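Chains as they are written, first to last, in the working numbering: chain A, 1 to 320; chain B, 1 to 320.
Worth flagging that the hints you see were computed from the coordinates, not collected in a lab.
Be aware that one or more of the hints could be misleading.
No distinction is drawn between identical chains; accordingly, a pair holds when it is met within one copy or between any pair of copies.
Unchecked claim - EDC-like, lysine to aspartate or glutamate: derived pairs with alpha carbons at most 20 Å apart:
hint, residue 1, residue 2
1, Lys-15, Glu-54
2, Lys-39, Glu-301
3, Lys-15, Asp-307
4, Lys-92, Asp-292
5, Lys-151, Glu-261
6, Lys-34, Glu-149
7, Lys-32, Glu-201
8, Lys-38, Glu-203
9, Lys-34, Asp-307
10, Lys-38, Glu-242
11, Lys-92, Glu-261
12, Lys-26, Glu-242
Predicted model, so just to flag it, every value in this text is computed and none were measured.
Protein chains: 2
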Amino acid sequence: MGSARLAGIDIGGTKLYALVTDAEGKILGRAKKKTRPKKGYAAVLERVEACFAEALEAAGVAREAITAVGVGAPSAITPAGVAVDAPNLGWKDAPLARDLEALLGRPVRLDNDCNCGALGELSFGAGRGHASLVGLFVGTGLGGGIVHEGKVLRGHTGLAAELGHLVIRHGGRTCGCGREGCLEAYASKTAMGRRLRRAVEKEGRPTLLTELGVEDLGSLRSGLLARAYREGDALTREVVDEAADYLGAGVASVITALGPEIVVLGGGVMEALGEELLPLVRASARRSTFPDAAFAATPIELGTLGDDAVALGAVALART
Amino acid sequence: MGSARLAGIDIGGTKLYALVTDAEGKILGRAKKKTRPKKGYAAVLERVEACFAEALEAAGVAREAITAVGVGAPSAITPAGVAVDAPNLGWKDAPLARDLEALLGRPVRLDNDCNCGALGELSFGAGRGHASLVGLFVGTGLGGGIVHEGKVLRGHTGLAAELGHLVIRHGGRTCGCGREGCLEAYASKTAMGRRLRRAVEKEGRPTLLTELGVEDLGSLRSGLLARAYREGDALTREVVDEAADYLGAGVASVITALGPEIVVLGGGVMEALGEELLPLVRASARRSTFPDAAFAATPIELGTLGDDAVALGAVALART
Chain A
1 MGSARLAGID IGGTKLYALV TDAEGKILGR AKKKTRPKKG YAAVLERVEA
51 CFAEALEAAG VAREAITAVG VGAPSAITPA GVAVDAPNLG WKDAPLARDL
101 EALLGRPVRL DNDCNCGALG ELSFGAGRGH ASLVGLFVGT GLGGGIVHEG
151 KVLRGHTGLA AELGHLVIRH GGRTCGCGRE GCLEAYASKT AMGRRLRRAV
201 EKEGRPTLLT ELGVEDLGSL RSGLLARAYR EGDALTREVV DEAADYLGAG
251 VASVITALGP EIVVLGGGVM EALGEELLPL VRASARRSTF PDAAFAATPI
301 ELGTLGDDAV ALGAVALART
Chain B
1 MGSARLAGID IGGTKLYALV TDAEGKILGR AKKKTRPKKG YAAVLERVEA
51 CFAEALEAAG VAREAITAVG VGAPSAITPA GVAVDAPNLG WKDAPLARDL
101 EALLGRPVRL DNDCNCGALG ELSFGAGRGH ASLVGLFVGT GLGGGIVHEG
151 KVLRGHTGLA AELGHLVIRH GGRTCGCGRE GCLEAYASKT AMGRRLRRAV
201 EKEGRPTLLT ELGVEDLGSL RSGLLARAYR EGDALTREVV DEAADYLGAG
251 VASVITALGP EIVVLGGGVM EALGEELLPL VRASARRSTF PDAAFAATPI
301 ELGTLGDDAV ALGAVALART
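The following block holds chain A by itself, in its conformation from the complex (with noise of 0.2 Å):
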């Protein structure tokens, strides 16, 4: 049987991430694969079960060998399992622990994808060493995760910590959720796409998106934001800007609140443009937390695991 390992697998609604690591995280296998959502629930179950046995290769580990596998899924996930609703997947109340125990062959911890995020920066990112964390990933959408005393907070209901959803502006803009004033209106690439759109398509103002090429200002590539962002284009800048200032207010209420130790940034946009945009979020957010010491104890940073946050994350939830 050789000495206990572990999974994570990250099924996102583009690629599927899975990794074997030893006990203590270290990665000694990994396989990516397109997630191919509408093919299917069950053909994207396929897909994952051949992702983990390439990554199971790639590690030269036995199936038998892993203790548990770690699932991160971008759904509000119930105790029991269930993938509530995952838009992005076209998945409603799936029954997807148990049907992935049953194809994989191993026991299954599964939990939303964020949540997963914000476990493995504080495990193995920039959270490391710290015992609570809150995370805030940016990209198409806007999701959160908390870890409070080493745990996940989910909630009584397994649907807490949806940070994108908290309301930042009442009466404001309106979310993709159909609410009201959400920081996702506001802070994530999707928010800035339409507001890039409604400038150039509506206002007539110029920028060098569309001489890049980009077509659907609605669903920009982070990389190109942040290339016409560091070139100085002013209505991207004016744009990002704004985001990041509504993303430090949604950091000052999170510290405010819930005083964690540290406010990790990830996501795809911060990936992007986060040395960029580190210093106006920190900026925004010592503006609005309360009190001013409350700000001073808490260091916010960016991620440091990158695309492997959501699937190390699930190999943190996989050693629980």
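Guided by the hints, dock chain B onto chain A, whose structure is given.
Coordinates of chain B only, in the frame set by chain A:
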């Protein structure tokens, strides 16, 4: 010596309350005094001691029978028991726990008043039987307390749960704390008073409140606000209903982020107008909580302990 007895003291900006209870929190005696903060720190502490002595006498309990005294104070409290900043009392960095232990002659457990209020409602009030609770206390200011897995959540600095300073409208109204867009700047009695005053003084709007003899709308008593509201005064309704709407958005953020088993609303304004405001707060919270299932799973209730909430929470703290 007799069996173990506990005490709880609420040091408010205006009044002091002391309770003596049995080990289960049954009240055996009580006392109440004016705080008179203008007389200074040492004089207030003497009044606390006198109030405690009076409660002991009313209960017929010897001081030595008190296992521990819980104390709630309107200040951020450090883990070492220092009251960092109590604007209503005029205290800064006061070593309150140490000084009270010396004065009362019993072990003291000190916490922020709203943390105590939340713990009180969980232990003996509306949240009885629950393991997690968020309390929002609407009075002159707007205070918050969070109990998670049976314990007060204080954050790593001891400064957490300052829910009156959640950013609810980024870039919005200036709060008493100097920041912009805090919940307290929209949903506290002070915020309502400012709004009323502006409408009367700047817009010349009529209100029953002036007929009721209110001279300073900025320091209105809750009872008069409730009377004008119940008598259908249009301006009062408009202002109070808007505050309730913002409070509901704050409740939504708290449920979305933390997923507590119950949210409890207390404080002077809720005691005076709770039955009227609760449906408005719930309706607003329903619109803004993510996801819908989290709202559906979370009762939002009025506190049941009234003026005893903080002192009874202090008793619960003394018991731990």
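Intra- versus inter-copy proximity for Glu-261 and Lys-92 (alpha-carbon distance at most 20 Å): neither (35 Å within a copy, 24 Å between copies)
Evaluate Lys-26 and Glu-242 at a C-alpha cut-off of 20 Å and name the case that applies: within, between, both or neither. Neither way: Lys-26 and Glu-242 sit 39 Å apart in one copy and 54 Å across, limit 20 Å.
Which holds for Lys-38 with Glu-203 at a C-alpha limit of 20 Å: within a copy, between copies, both or neither? neither (36 Å within a copy, 58 Å between copies)
Is it within a copy, between copies, both, or neither that the alpha carbon of Lys-32 lies no farther than 20 Å from that of Glu-201? Answer is neither: 38 Å inside a copy and 66 Å across each miss the 20 Å cutoff.
Have a look at Lys-34 and Asp-307 and pick one of within, between, both or neither, based on CA distance no larger than 20 Å. Within one copy, since 14 Å is at most 20 Å while 59 Å is not.
Give the relationship of Lys-151 and Glu-261 under a CA distance limit of 20 Å: within one copy only, between copies only, both, or neither. both (13 Å within a copy, 18 Å between copies)
When no copy is named, should Lys-38 and Glu-242 be tagged within, between, both, or neither for a Cα gap of at most 20 Å? neither (34 Å within a copy, 45 Å between copies)
Within, between, both or neither: Lys-15, Asp-307 at alpha-carbon 20 Å: within (10 Å within a copy, 55 Å between copies)
Classify it for me, Lys-39 with Glu-301: is the Cα-Cα distance of at most 20 Å met within a copy, between copies, both or neither? neither (38 Å within a copy, 45 Å between copies)
Using 20 Å as the alpha-carbon threshold, which applies to Lys-34 and Glu-149: within, between, both, or neither? This pair counts as neither: shortest intra-copy Cα distance 35 Å, inter-copy 40 Å.
How do Lys-15 and Glu-54 come out at 20 Å by Cα distance, when the copy is not named: within, between, both, or neither? Classified as within; 15 Å inside a copy, 69 Å across copies.
I want to check one pair: Lys-92 and Asp-292. Are their C-alpha atoms no more than 20 Å apart within a copy, between two copies, both, or neither? Answer is between: at 14 Å across copies they meet the 20 Å cutoff, but 43 Å inside does not.
In the structure shown, a violation is registered for the earlier hints numbered 2, 6, 7, 8, 10, 11, 12, in ascending order.
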